[in-house]
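Turn these sequences into a full structure, and let the hints steer you where they fit.
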Amino acid sequence: MTIPEKPQGVIWTDAQWQSIYATGQDVLVAAAAGSGKTAVLVERIIQKILRDGIDVDRLLVVTFTNLSAREMKHRVDQRIQEASIADPANAHLKNQRIKIHQAQISTLHSFCLKLIQQHYDVLNIDPNFRTSSEAENILLLEQTIDEVIEQHYDILDPAFIELTEQLSSDRSDDQFRMIIKQLYFFSVANPDPTNWLDQLVTPYEEEAQQAQLIQLLTDLSKVFITAAYDALNKAYDLFSMMDGVDKHLAVIEDERRLMGRVLEGGFIDIPYLTGHEFGARLPNVTAKIKEANEMMVDALEDAKLQYKKYKSLIDKVKNDYFSREADDLKADMQQLAPRVK
Numbered sequence: 001m002t003i004p005e006k007p008q009g010v011i012w013t014d015a016q017w018q019s020i021y022a023t024g025q026d027v028l029v030a031a032a033a034g035s036g037k038t039a040v041l042v043e044r045i046i047q048k049i050l051r052d053g054i055d056v057d058r059l060l061v062v063t064f065t066n067l068s069a070r071e072m073k074h075r076v077d078q079r080i081q082e083a084s085i086a087d088p089a090n091a092h093l094k095n096q097r098i099k100i101h102q103a104q105i106s107t108l109h110s111f112c113l114k115l116i117q118q119h120y121d122v123l124n125i126d127p128n129f130r131t132s133s134e135a136e137n138i139l140l141l142e143q144t145i146d147e148v149i150e151q152h153y154d155i156l157d158p159a160f161i162e163l164t165e166q167l168s169s170d171r172s173d174d175q176f177r178m179i180i181k182q183l184y185f186f187s188v189a190n191p192d193p194t195n196w197l198d199q200l201v202t203p204y205e206e207e208a209q210q211a212q213l214i215q216l217l218t219d220l221s222k223v224f225i226t227a228a229y230d231a232l233n234k235a236y237d238l239f240s241m242m243d244g245v246d247k248h249l250a251v252i253e254d255e256r257r258l259m260g261r262v263l264e265g266g267f268i269d270i271p272y273l274t275g276h277e278f279g280a281r282l283p284n285v286t287a288k289i290k291e292a293n294e295m296m297v298d299a300l301e302d303a304k305l306q307y308k309k310y311k312s313l314i315d316k317v318k319n320d321y322f323s324r325e326a327d328d329l330k331a332d333m334q335q336l337a338p339r340v341k
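In terms of full-length UniProt numbering, the sequence shown opens at residue 1 and continues consecutively.
Don't read these hints as lab results, they were simulated from the structure.
Hints are supplied without guarantee of correctness; some may be wrong.
As the list claims (entries may be wrong) - With a Cα cut of at most 25 Å, we get these calculated DSS-like pairs of lysine-lysine:
hint, residue 1, residue 2
1, K311, K247
2, K316, K304
3, K330, K234
4, K311, K290
5, K304, K330
6, K330, K247
7, K288, K247
8, K37, K6
9, K48, K73
10, K48, K99
11, K234, K311
12, K330, K316
13, K304, K288
Right, dumping it as structure tokens:
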């Protein structure tokens, strides 16, 4: 079925119109929050009902949250009622007002649960099964972690003892247990949790992967450094509009020279970055300066905030990304490989 021509004066953009009426192919609609994705999907459902004569309970519509599912169902029901009032003789629309209550508009989890409940015999499971609550899941996880840890303590596994000593404090192994839980939650968020866990050790054993990770750190650091440089330049531009701030401008100008050296040639000079002090203290903004710039109080505060942002970003890069030499990081990863495994 071809896409109908968009009439004049409709609220939909060309892209939204295409999304509503496209058929015979997979359709991916990617747009920012609040751009009307839900409205487009509701309209697509309505047109399937009105234009194609499809029953609403023959459609599968899944969302990520219960709130979204309820909102979607309410909107579809509302549109069906409006269409039925406009065309009271339409028997198809009258049927939809009844069938909307059986329509499969729900979260993905709810749909899967309903599917299992309807076909428990094929799956060979107890028809009286139920899903565990969030609280029960946490208790089961805690119980399982306790059992596994106790088993390893009982056999005095040397590798396990060394691992717990590294990841626990002198008083308790709470930190160690927290790491286990975090790994569990990360793993089950993947399509193949076991394979994801097995692959974690690869970067610790293979030098090529280590080099890739270090390059990734460098690339990420460049994002922060560029943002820091932008904040520094904004601070300079704002202070340049004011009177009596020559000392402030001198400090920022020195910082700009340092940053220019770090980013010279489009590459990050890591030794220069780690070997120099950045973020010199700005002179105080005195009452005299505030008085001289009384019409620019907001700009003055913004200038100070931009410089503070610059210092924060540079500190983050130096502390989080380049606190160790690359060769030291590689050596640490190789040493940690048996423990990760």
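Here's how the hints hold up against the structure:
| no. | hint | in the structure |
| --- | --- | --- |
| 1 | K311 to K247 | holds (18 Å) |
| 2 | K316 to K304 | holds (18 Å) |
| 3 | K330 to K234 | violated (37 Å) |
| 4 | K311 to K290 | holds (23 Å) |
| 5 | K304 to K330 | violated (39 Å) |
| 6 | K330 to K247 | violated (43 Å) |
| 7 | K288 to K247 | holds (14 Å) |
| 8 | K37 to K6 | holds (18 Å) |
| 9 | K48 to K73 | holds (15 Å) |
| 10 | K48 to K99 | holds (14 Å) |
| 11 | K234 to K311 | holds (13 Å) |
| 12 | K330 to K316 | holds (21 Å) |
| 13 | K304 to K288 | holds (16 Å) |
Of the numbered hints listed earlier, those contradicted by the structure are 3, 5 and 6.
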